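Undergrad: Residue numbers (my numbering), protein chains in the order written: chain A, -2 to 288; chain B, -2 to 288; chain C, -2 to 288; chain D, -2 to 288; chain E, -2 to 288.
In case anyone wonders, no lab produced these hints; they're calculated from the structure.
Just so you know, these numbers come straight off a predicted model, no measurement behind them.
Some clues are possibly wrong.
Said to hold, decoys possible - Far from chain B by the CB rule (all over 10 Å, computed), these chain C residues:
{"#": "1", "residue": "E63"}
{"#": "2", "residue": "V122"}
{"#": "3", "residue": "E168"}
{"#": "4", "residue": "T205"}
{"#": "5", "residue": "L255"}
To be verified - The calculated lysine to aspartate or glutamate pairs, modelled on EDC-like cross-linking and capped at a C-alpha distance of 16 Å, are:
{"#": "6", "chain 1": "D", "residue 1": "K254", "chain 2": "C", "residue 2": "E142"}
{"#": "7", "chain 1": "B", "residue 1": "K254", "chain 2": "A", "residue 2": "E129"}
{"#": "8", "chain 1": "D", "residue 1": "K93", "chain 2": "D", "residue 2": "D105"}
{"#": "9", "chain 1": "D", "residue 1": "K43", "chain 2": "D", "residue 2": "E33"}
{"#": "10", "chain 1": "D", "residue 1": "K43", "chain 2": "E", "residue 2": "D191"}
Unchecked claim - Stretch-level coverage of chain A by chain B, calculated; a stretch enters the list once three of its residues show a Cβ under 8 Å from a Cβ in chain B:
{"#": "11", "segment": "40 to 47"}
{"#": "12", "segment": "249 to 257"}
Idealized CB from N, CA, C, for every residue including glycine.
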Amino acid sequence: MSTVFPQLAWWDIADPSNSELDELARRFDLHELQIEDCRHRPQRPKAEEHENYLFAILKHVHNEGELRFDDVDLFLGRDFLINVRDRDSAMIAQVKARAEQEQITRLDRLFYLIVDEIVDGYQPVLDKIAEEIGDIEDVVLDRPEPETLARIFSLRRKLVDFRRVASGMREVINTLVRREGGVLADDLDPYFRDVYDHVIRTVDMIETYRDLLSGALDIYLSAVANRTNEVMKVLTIWGTVALPLVIITGFFGMNLKLPWVNDPYGTDYAVGLMALSTVAVLVYFKTKKWF
Amino acid sequence: MSTVFPQLAWWDIADPSNSELDELARRFDLHELQIEDCRHRPQRPKAEEHENYLFAILKHVHNEGELRFDDVDLFLGRDFLINVRDRDSAMIAQVKARAEQEQITRLDRLFYLIVDEIVDGYQPVLDKIAEEIGDIEDVVLDRPEPETLARIFSLRRKLVDFRRVASGMREVINTLVRREGGVLADDLDPYFRDVYDHVIRTVDMIETYRDLLSGALDIYLSAVANRTNEVMKVLTIWGTVALPLVIITGFFGMNLKLPWVNDPYGTDYAVGLMALSTVAVLVYFKTKKWF
Amino acid sequence: MSTVFPQLAWWDIADPSNSELDELARRFDLHELQIEDCRHRPQRPKAEEHENYLFAILKHVHNEGELRFDDVDLFLGRDFLINVRDRDSAMIAQVKARAEQEQITRLDRLFYLIVDEIVDGYQPVLDKIAEEIGDIEDVVLDRPEPETLARIFSLRRKLVDFRRVASGMREVINTLVRREGGVLADDLDPYFRDVYDHVIRTVDMIETYRDLLSGALDIYLSAVANRTNEVMKVLTIWGTVALPLVIITGFFGMNLKLPWVNDPYGTDYAVGLMALSTVAVLVYFKTKKWF
Amino acid sequence: MSTVFPQLAWWDIADPSNSELDELARRFDLHELQIEDCRHRPQRPKAEEHENYLFAILKHVHNEGELRFDDVDLFLGRDFLINVRDRDSAMIAQVKARAEQEQITRLDRLFYLIVDEIVDGYQPVLDKIAEEIGDIEDVVLDRPEPETLARIFSLRRKLVDFRRVASGMREVINTLVRREGGVLADDLDPYFRDVYDHVIRTVDMIETYRDLLSGALDIYLSAVANRTNEVMKVLTIWGTVALPLVIITGFFGMNLKLPWVNDPYGTDYAVGLMALSTVAVLVYFKTKKWF
Amino acid sequence: MSTVFPQLAWWDIADPSNSELDELARRFDLHELQIEDCRHRPQRPKAEEHENYLFAILKHVHNEGELRFDDVDLFLGRDFLINVRDRDSAMIAQVKARAEQEQITRLDRLFYLIVDEIVDGYQPVLDKIAEEIGDIEDVVLDRPEPETLARIFSLRRKLVDFRRVASGMREVINTLVRREGGVLADDLDPYFRDVYDHVIRTVDMIETYRDLLSGALDIYLSAVANRTNEVMKVLTIWGTVALPLVIITGFFGMNLKLPWVNDPYGTDYAVGLMALSTVAVLVYFKTKKWF
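Can you build the whole structure from these sequences, using the hints too?
TA: Below is the structure:
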C-alpha cells in the first residue's frame, strides 16, 4: 500500500495511467467515468458528490511564458483520499510539508490543504500579469510598436484561458461551500469560504486585467492614429512649403521672354518671392495650429 | 418489422419522408407535431417528455469547409427507440458497432449511446477550429493580408452557427440530466452528466475561440494601421529629402543672373548644398526617431 | 351579430375606432384600458389573464422595404373571440381558410390558429434578411462601397426593430405556454409549445443575423483600411521612383558648369543614371515586400 | 390646513425646505430619512412601504436642450397624500385638472394620476429623441461633419442619463405592481400594470435608440474612413498622372546633347510622349477600378 | 482596556499587527481566518455572520491622484465593537465627533455610523470624477491631443478599480439589509437601506461615467480621424493645384522648338494657362465640396 503519510490513507498517484488507480477504483468503488476523467486530460473543473465519496477535478496553474493548467483529481471518502496528478510534485511536496507542520490527522483537512494550495498558486500568476500590464501601460502611449501589440495579445490570450479555468474553479469551490453534510466536516466551512473568497478575487482581478488590457489596446490604436496624423502633417507642411518654390524656379527656367532676365537683381527678386511664399505658407499653418 | 438489432426494438429511419414513420407514429401514438418536426428540417434542438415516451431533436455536426448541422430525431419509449435522420449513416453505424461491442440490451442505454456519439462528434470540429485559429494567429501580425481577413470571418461565421447549436444542445442535455423518473433509468445519470460536461466544455471553448478570433481581428486592424503608418513615413521621409534638391536644381535652372554660373566649381557648390540639405533632413528625422 | 363564422362567436373588428368594439366591451365586460390599448397603436406585445377572458396584443410583421409591425389584439372568452386589427385582412382571410379546411369548431383552437399564423409570418421575413446578408457578405470584402454600408445599416435598423418585437412576442407566447387552466384547453399545450419554439428560433436567428451583420461591418472597415493602405503604397512607390528622376533631370537643367554637357553620350549617361535609380528603388520596395 | 382639493387631504408642497413639511412629518409620523430624501435632491427613484404609508420618489423629465430630471416625492397614507416637489407646477396643475374632470374622490386614485402623468411625460421626450436620431441618420452618411459627431454624442449623453432614470422608475413601478394589500386598493392593479407597460416601453425604446445611435457613430466613422480613402485616391491618381510629365519636361530641359532638339517636330513628339504616359496611367487606374 | 469611548466597548485598532488584536480575538473568540484577513491587506469587501458577532470588511476610498482603497475591518458583537484599520484616522475622528454629537449609546448604531461614513466618502470622489469627465468632454472634440488621451485612460483605470470595490460594497451592504435578527437591531433597517441606496447610486454613477468616458474615447478617435482627413485634403488640394503649374513651367523650360518662345507675350500666355489650370482645379474641388 502506497500512501504519502504512513498514518493517513492518502494515495498520491503521480501517473494517471498507473494500474494502481484501477486497483483503488475497485477497492473503493469509484465510478468508471471518473477514472476515465483522470486519464483523459484536460477536463473542466468539477465537483461531484457520490454516496460514499466526493470527486473533484481542480486546476493547478503554472506560468511558464504561457500559462499551463494541470488537472489535479481528488477522491475524498470517509477513510481514503486519493489525488491523481500528472506533474506538480512540487505542489504535493508543499502540501505534505504544511500537513506535517500543522500535524494534520484528518483526511478532509488534508483535502482542504490541497485545494487551498492550488488556489493560492493563482496569486503569483496574477501578480506577474499585473506587472506585465503595468510595463505595457508605461510604454504603449509613447512607443506604440508592433512588439507592444504582440505582448498585449499574448497577455490577452493568457487571460482568456485563465478566466475560463478560474470561472470553473469558482463553481467547484462554491459547490464545496454550499454542500450539506457529506464527507467534509462542518468546521471546515469558514476555511472553504476563505478559499472561495480567493477564487472570487481571482476572477475579479482577471476581469479587471481584461479591462485594463483592452484599455491598453485602445491606447495603442489611438497612439498609432495620432502618429499617422503627425506624419501626415509633416508631409503636408513640407510639401506645401516646397510647391511654390518649385513653381517659381520653374517659372524662371522657362525659355520664354521672361521679366527680370536681364535685371542684375532678378535673382534677388525671385529669392524674395520664394521667401515670401514660404513665410505665407508657414503663417497659414501657424494660424491653423498645425505646429 | 425493420429494426436495426433483431433483439432490440430500435427503428432507424434514414428518410424522414418514409411512410414507415407514419406507421410507427400510429402504432406508438406519437404526436403529430413531432412527426412534422422530423420532416421539416432544420429544427432547434429540444427535448420533450410525454406520458409514454421522450422526444429529442439533436444536432450532429459535419465540418466540410462550412459546418453542416443535421437533425437527429429520437423517440424513446419503454419498448421502442426510433431515430429519424437524413444522412449520418456513418454515425449510426458507429453506434451500432459500439452497441454490439458493449453488448447493449437496454433501449435507454442505446439512446445514451446515440447522444454520446453525437456530442463526441463536436470535439474534432473544435480541434480543427483551434488549429485554424492558431494558423491565423501565426500570420496575422506579420502579414495582414485580405485573405487572412477572409479566413477570420469565415471562422467567425462557423463559430456563430456552432454556438447557436451548442447552446441549444446544452439546454437539451440539461433537461435530460435534471429529469425525474421517466423512460431513462437513474443509473444513466452519471453518463448524461458526463455528456453534459462535454457540451458545456464545447460551449466554453466556442466562447474562448470567439474571444481569440476577435483578438485576431484586432491584431489585423492594428497591423494594417501600423503598416499604413510605415508607408506614410517612407513617403514623407523620401519626399522631404527630395524637395530641397528639386528646389536647388530648379533654382540654378532659372534664366536669371544667377551666382556661380561662371564659376568652374559652381556645380560642386550646388551639389554640396544638396548634400547638406539631405543630411539636415535625415538628421531631423533621426532625432524624431522615425527610423 | 357580426361574426366571421356563422357557427362561431368570432368577431373580426377591422377598424379599432368602430363603435362595435364599445358594444362588445360592454357586452363581455372588457376592461377599458384594454379597449384603449386597441385604439392607441402601436402597443408592446402582451398577454393578460382576466377572470373571464384572456387579452393578448400580438405583432404581425410586413416586409415592405422597411419592416412594418401591426398590432393584432385578441380577446378570448369561453364563448367569444374578438380580434381587433388595423389592416392585415389577408392574414385573417388565411386563418379563415385554414379554419374551414380543418373544420374548427372551438374558439381556443381558432385563437391558436391566429397566433400560429402571425408567428409563421416571421419566417419569410427572416429568410429575406438572411438572403440580403448573404448578398452583402458576397460583395463587402471586394467592393467596400458606401452603398454596401448603407445596406448594412438599413438591415441593422430592421433587426433592431425586429428583435424588440420578437422578444416581446417570446414573453407573450411563454405566458400562454405556462398558463394554468383558464380559457385555453390543455390539449393545446403542445401546439403553443410549437409556436413558442418558432418564436425562440426567430429571436435566435435575429441574434445570429446581428452577429453576422456586425461581422460584415468589421469586414467593411477592414477592407477600407486595407484599400487605403494599398492606395498609399501606390502613391509612395510611384513618388519614390519619380523623385530621383526629377532631381537628375533638374540637375542637368542647371545653368552651371555641368559635366557631360558637351559629351555626345551625356544624355545616355543621364538616362543610365535614371534607369539605375529606378531599379534601385524598385528593388528596395521588393525586398520590403510592398508588391 | 393647506390642501389642493378642499374635499381631499392632498398636500402639495412646492418647496421642500418649507417648514410645513416638518409639521406634516410630525403629524403623520413620517420617517426622518425620507424627509431628508425630500430635501437632498436628486435621489434615485424608489418606493418603500411602511406600516401606515407608502413613500415613493419619482422622476419627472424635462427636455430643455439637455434633459432635466426633477424629483417628485409622494407620501400616500390611508387618509393623506403629500407630494413634495421643486418646480413642476405645470404637471401638478395637469393632475388637478384631470382629477376634477374624472371627479376623483379617492387618494390612491389621485396617487395613480400623478404617477401616470409623470410616466406619460416620457413619451414626448422619446419622440423628440427619435426625431433627432432620424435627422442624424439622414445626414451622417453623406456629410460626416464634426457637428454631426457632436450631436451624436450629446444625444448619447441624454440617453445614458435617461436610461438610468427610466431603469430606476421601472423598478419602482414594478414594486407598486407587485405589492400585496397596503394603501393602494386592488382595483388599481390594471392601471399600474398599464403604467408599468409604459415604463418598460420607455426602457425598450431607450435601448433601441442607443443601438441606432451607436449605428450612426459607426456610419460616421465608416464615412470618414471612406472619404479619407477617396481623398487619397484623388491625390494618388493626380500625382501619378503628373509625375511622368514632370520627368519628361525635366528631361528635355537638360543642358545635354538631347535628341529632337533641332527637330521642328520635337515638341510634338514630346507632347505625344506626355499624352501617351497620361493615357497609360489612367488606363492602369481604370483597370484597378479606382474611378 | 483601550476603548475610544469610555462608556462604550469600542476598540479602535489603528495597527493591524498590534498584539492587542490577538488579545481581543482570544477574549471574544474571533475566528483566526478573520484575524488573518485583518492583517493581510487588501481583502475583498465581505460580511460574515457568526454565532456571536458580525464581521465586515469595508473599503474606504481616498482620491490622491490615484484612487487608494483602505480596508476597514469591523467586528460587532452584542457587547463589543472592534474596528481594525491601517490609516484613516480622520474618518474615525469624524465618526467619533458624530457619535458624540448624536449622543450614541448603542454599539450597533455606532457600527452604522462607521458604515455610513465610509459610504458617504464615495460621493466627493464621484463628484471629482464627474468634474474631470466634464473637463475632458469640453476639450476632446476640438483638441484631440495625446494628453487628453492619457487623462481618459487614467480616469478609466480609476473607474475600473472603483467599480470593483463599489460592487463588492453593494453586496456587503445588501447582506446587512437582508439579515434577519442578529446583532443589529431592526430599527436600523431604514438606515441601512439608506446606505444601500447610496452604494447603488455609486455603482450606477460609475457605470454612467464609464459610458461617458467610452463616449469621450470615441469622440477622440473620431476627431483624430477627422483631422487626418482634413490634413489629407489640404495636401491633396495644394498638390493638385501645383502639379499643372509645375508641368507648364517644365514644358516651357524644354530645350526644344517650343511655341511662343519668341513671342513677346509668350510669358503672359503661359501665366494665363497656369491661372486657368489653377481655377479649373479649384472649381473641381469646390463642386466636390472639399472646402
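Undergrad: The structure should be examined with respect to each hint, and the outcome stated for every one.
TA: Hint by hint, here is what the structure shows:
Here E63 (chain C) stays apart from chain B, with its beta-carbon at least about 25 Å from theirs, past the 10 Å limit. Listed as a non-interface residue, V122 (chain C) keeps its Cβ farther than 10 Å from every Cβ of chain B; the least gap is roughly 18 Å. No Cβ of chain B comes within 10 Å of the Cβ of E168 (chain C); the nearest lies about 18 Å off, and the non-interface call holds. Interface exclusion of T205 (chain C) from chain B breaks down, the closest Cβ pair being 6 Å apart, not more than 10 Å.
For L255 (chain C), the condition that its CB be more than 10 Å from all CB atoms of chain B is violated, with the nearest at approximately 6 Å. This hinted pair does not check out: K254 (chain D) and E142 (chain C) have alpha carbons roughly 51 Å apart, beyond 16 Å. The straight-line distance between the Cα atoms of K254 (chain B) and E129 (chain A) is roughly 66 Å, outside the 16 Å bound, and the hint therefore fails. Distance check on the hinted pair: K93 (chain D) and D105 (chain D) sit about 14 Å apart at the alpha-carbon level, within 16 Å; holds.
With a CA separation close to 14 Å, the supplied pair K43 (chain D) and E33 (chain D) stays within the 16 Å bound. For the given pair, K43 (chain D) sits about 11 Å from D191 (chain E) by alpha-carbon distance, which is consistent with the 16 Å threshold. As drawn, the segment 40 to 47 of chain A meets chain B at 4 residues by the rule of a beta-carbon pair under 8 Å; at three or more, the given contact holds. With 6 residues having a beta carbon nearer than 8 Å to a beta carbon of chain B, the segment 249 to 257 of chain A meets the requirement of three or more and the stated coverage holds.
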